[in-house]
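Colleague: Chain by chain, the residues run as shown.
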Amino acid sequence: MSEGRPRHAGLNLGDTDAQADEGAGSAMFGFWMFLMSDALVFALLFATYGVMQHATAGGPGPATEYKIGPTFIETLVLLTSSVTYGMASVAMKHGAAIRHIMLWLAVTLSLGLLFLALELHDFADMFAHGAYPSRSGFLSAFFGLVPLHGLHVLIGGLWLVVMMVQLRVFGTDPQVKINLLRLGLFWHFLDIVWIAIFSTVYLPGLIR
Amino acid sequence: MSAPVWPAVLGRFGWQDLPFVLAWQHPTINELIGAGAAAMVVIGAGVVALLLTVTHRWRWLWSEWLTSLDHKKIGIMYIVIAFVMLARALIEANLMRLQQATAINAPGIVAPEHFAELFSTHGSIMIFFMAMPFLTGVINYLVPLQIGARDVAFPLLNAIGLWLTGSGAALMMISLVIGRFSTGGWSGYPPYTEIAFNPGVGPDYWIWAVTLGSIASTLAGINIAVTIYKMRCPGMHLMRMQMFCWTSLCTAILMVFAMPPLTVATALLALDRYLGFHFFTNAAGGNMMNYANLFWMFGHPEVYIVILPAFGIYSEVVSTFSSKELYGYVSLVIATMGIAVLSFTVWLHHFFTMGQSPSINAAFGIATMAIGVPTGVKIYNWIWTMFRGEVRFATPMLYALAFMMTFVLGGLTGIILAFPPLDYVVHNTTFLVAHFHNMLIPGTLYGLIAAYTFWFPKAFGFRLNETWGRIACGCWVIGFYLAFMPLYVLGAAGLARRTQAIDEAAYRPWLYAAELGAVILFCALAALIVQLWVSVRDRHANRVFAGDPWDGRGLEWSVSAPPPEYNFAHLPHVEQRHAFYDDKRRHAPYAPPPHYDAIAMPRNSAVAPVIGIASAIAGFALVWYIWWLAIAGLVAIIATVIARSFVRDTERTIPAAEVEREQALWLHAVDKAHPVPRERELTPANQGLAEVHR
Chain A
29 MSEGRPRHAG LNLGDTDAQA DEGAGSAMFG FWMFLMSDAL VFALLFATYG
79 VMQHATAGGP GPATEYKIGP TFIETLVLLT SSVTYGMASV AMKHGAAIRH
129 IMLWLAVTLS LGLLFLALEL HDFADMFAHG AYPSRSGFLS AFFGLVPLHG
179 LHVLIGGLWL VVMMVQLRVF GTDPQVKINL LRLGLFWHFL DIVWIAIFST
229 VYLPGLIR
Chain B
121 MSAPVWPAVL GRFGWQDLPF VLAWQHPTIN ELIGAGAAAM VVIGAGVVAL
171 LLTVTHRWRW LWSEWLTSLD HKKIGIMYIV IAFVMLARAL IEANLMRLQQ
221 ATAINAPGIV APEHFAELFS THGSIMIFFM AMPFLTGVIN YLVPLQIGAR
271 DVAFPLLNAI GLWLTGSGAA LMMISLVIGR FSTGGWSGYP PYTEIAFNPG
321 VGPDYWIWAV TLGSIASTLA GINIAVTIYK MRCPGMHLMR MQMFCWTSLC
371 TAILMVFAMP PLTVATALLA LDRYLGFHFF TNAAGGNMMN YANLFWMFGH
421 PEVYIVILPA FGIYSEVVST FSSKELYGYV SLVIATMGIA VLSFTVWLHH
471 FFTMGQSPSI NAAFGIATMA IGVPTGVKIY NWIWTMFRGE VRFATPMLYA
521 LAFMMTFVLG GLTGIILAFP PLDYVVHNTT FLVAHFHNML IPGTLYGLIA
571 AYTFWFPKAF GFRLNETWGR IACGCWVIGF YLAFMPLYVL GAAGLARRTQ
621 AIDEAAYRPW LYAAELGAVI LFCALAALIV QLWVSVRDRH ANRVFAGDPW
671 DGRGLEWSVS APPPEYNFAH LPHVEQRHAF YDDKRRHAPY APPPHYDAIA
721 MPRNSAVAPV IGIASAIAGF ALVWYIWWLA IAGLVAIIAT VIARSFVRDT
771 ERTIPAAEVE REQALWLHAV DKAHPVPRER ELTPANQGLA EVHR
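These protein sequences, in sequence, are chains A and B. So the first sequence is numbered by this note's numbering: it starts at 29 and just counts up by one. So the second sequence is numbered by this note's numbering: it starts at 121 and just counts up by one.
Next up, chain A with everything else stripped away, as it sits in the complex (with noise of 0.2 Å):
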């Protein structure tokens, strides 16, 4: 393989890290079908949102529940994330120091944690109004879906931890690497389903 050609989709370690570059072909195209295997898992859960999406049962409903505010908050929150993960991607991709690719692990981890603490006021906000899921059809679709994305991005803080770890015993030999790469993949995706979320699922439900 010449070096400046891509061996998967994404950022590449081609021209920095030969050696890693090599075992990344398999490694990240791999993850590449985890995610659409998981993306599957969203999209599954949106059509079923969407089928559920106004049995309320009386309870309720998505104009009195959904915040603007807030959820747009996260959003923000959330997107900048994915900049500081990308900054650190840069960082590892052209061999900075470690201490710097600890700092924007750790502000992308912060920012997750955010995100997290933001949404779940959000939900004991619902919880507060007799808004759980055991009360409607639509409630058990809308908290199958937005705490799974949660859910993830929970994994993805603690995949965070393991890796600033990681960068602290091993440096940077190519396995980190090769994971600091997942792990961005990984980041970035859940950034993507939020935007679903938030244009499919919170947007629709206010303007009603």
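Calculated directly from the structure, the hints in this document are not laboratory data. Do not take every clue at face value.
Footprint (simulated), chain B over chain A, 3 or more residues, beta carbon under 8 Å [as the list claims (entries may be wrong)]:
no., segment
1, 56 to 62
2, 71 to 83
3, 158 to 164
4, 193 to 205
5, 222 to 230
Label pairs and their in silico Cβ distance ranges [stated by the list, open to error]:
no., chain 1, residue 1, chain 2, residue 2, range
6, A, Gly114, B, Ile758, 22 to 32 Å
7, A, Arg33, B, Met525, 50 to 60 Å
8, A, Thr228, B, Gly509, 54 to 64 Å
All C-beta atoms, glycine included, are put in the ideal place defined by N, C-alpha and C.
Dock chain B against the given chain A, drawing on the hints supplied.
Modeller: Relative to chain A, chain B alone:
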């Protein structure tokens, strides 16, 4: 449900959840059958453990098999699981047939609830723990060998898939001993399986066993697809792959995209049951049609997941035993891909009668019939492959021939069912049962057993006994026709599927015939066991160490039997399709390579067994509401994954000298072997070296 014994620790377990206790209290034939089945599981496990202890083989089992990341061993372990589960599900099939044959205006031998458990476990096992592990095992074993690779792309993930499948199967077995299984059928339709109607542990066993199987298959699919896309040896273009690799690739793609709907369906059903969600309930806005759609969005592609690998197997078998190149390779590739794509467009035909408009039904009916076209292409391809070939009727070929006849019949009744007005008449009758068995038995089971017979000498180094193979084949074929042709008649006459008691005396002769068929099918399995026994006994006479007993075409035949751990001492470089077949005729396939290199192979790992056992424990704990144990299992899984990510020393190197020694041994054996002409390939003269005419 009985009173819990110790709820804080054992959840909702009560003494009456043990079939032995029930049989003691009410010694009816129904309870005795339940206790007998439980005893078989306990005694079976005990005997295996005892044998391992007596022969001091625990350590061997652990280090040679359970922790191995060798794709060949993982493949074989998948197939062992499949055979064990096949035996159980076939016994259940026999019980069901016996029940219907004895319950004509009479009570029969098993109670209605028990009968419902039987058809639920039979279906769930045959699909998730017989067909899936069997085909995954065959793919695992063969694909790296056929594409000229030393292993799969993700060896550890491969082992984890095996262990998750194993833990799902273990949950199925445990459900025989502790508690009861679901009565909701293999498709587990709510609202019947909802907590309101089914508060017991049965549906929960079903949910977690199937979920584990589903996740395992997703992982297997990712692994197989990446292996085929990324690990092919130099010169192995996609269009030079063996047909089996193509069908495996399509199967893998289907697994990646079709298992998530199943995982979502079971997960949402679990949310309904455990946390009171309303996805599929009758009340509060739930809608069970969501479940029907989700389940069959998995369920239909699943049909092709289990059938496509068999199509690949038949392609290999027919072409090898006709001594002819596969006719219409490109059209077969296109047909396989066509089937894979179309399989996602027909799921609604599983519930034509559940309230869609006629135009929607018509669209899905037409799409369903369209799948018949690429399937028909394949049948013609195999027929044309045999045409003017030198066809040899070895056992795998007999399965292939039986398949072609029988599968076409099943396809014709499929066209009947694809036609919505006719489906309204026969849906939910034994006509449907006959139809899908008519597809799956020849389309999957015959194929997998043909693969077992065909590649067994490759995996173990000796041929299987031919006589017992033919007896087994004859039993599978005759048994199938006797067991299922009557069900077409009964279904057309109006016998609903899953009927525990029959009140129509005119059904009697047909039910007796079906019962006889079931017994013959059981004899087929017994013949396979005898065959294995006899073959192991006579193994020294039937060695094929040279590795090519059938004058094979793919690269898997170009190495010793059994192949070395690293498959190829020197990675092959291919220049055309059927490289080995052609090599034998034009070049020198058994020439030693110019030089030997050290080979890095994955080290054994206990990660997969730990994850498998932890997930079985977590699943069991969730079934019984033993929350502390469920959390412990989940934490163990996460901790294991994290701990593994810190392991850097994952490979061991096989020195060049060892590779050279093994290769020299094999090449020497090839040198000494007498080439066998095709007409004597079923005799001990076959030492695995094919006589070829240059």
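Colleague: Could you tell me which of the numbered hints above are not met by this structure, giving the numbers in increasing order?
Modeller: Failing hint: just 5.
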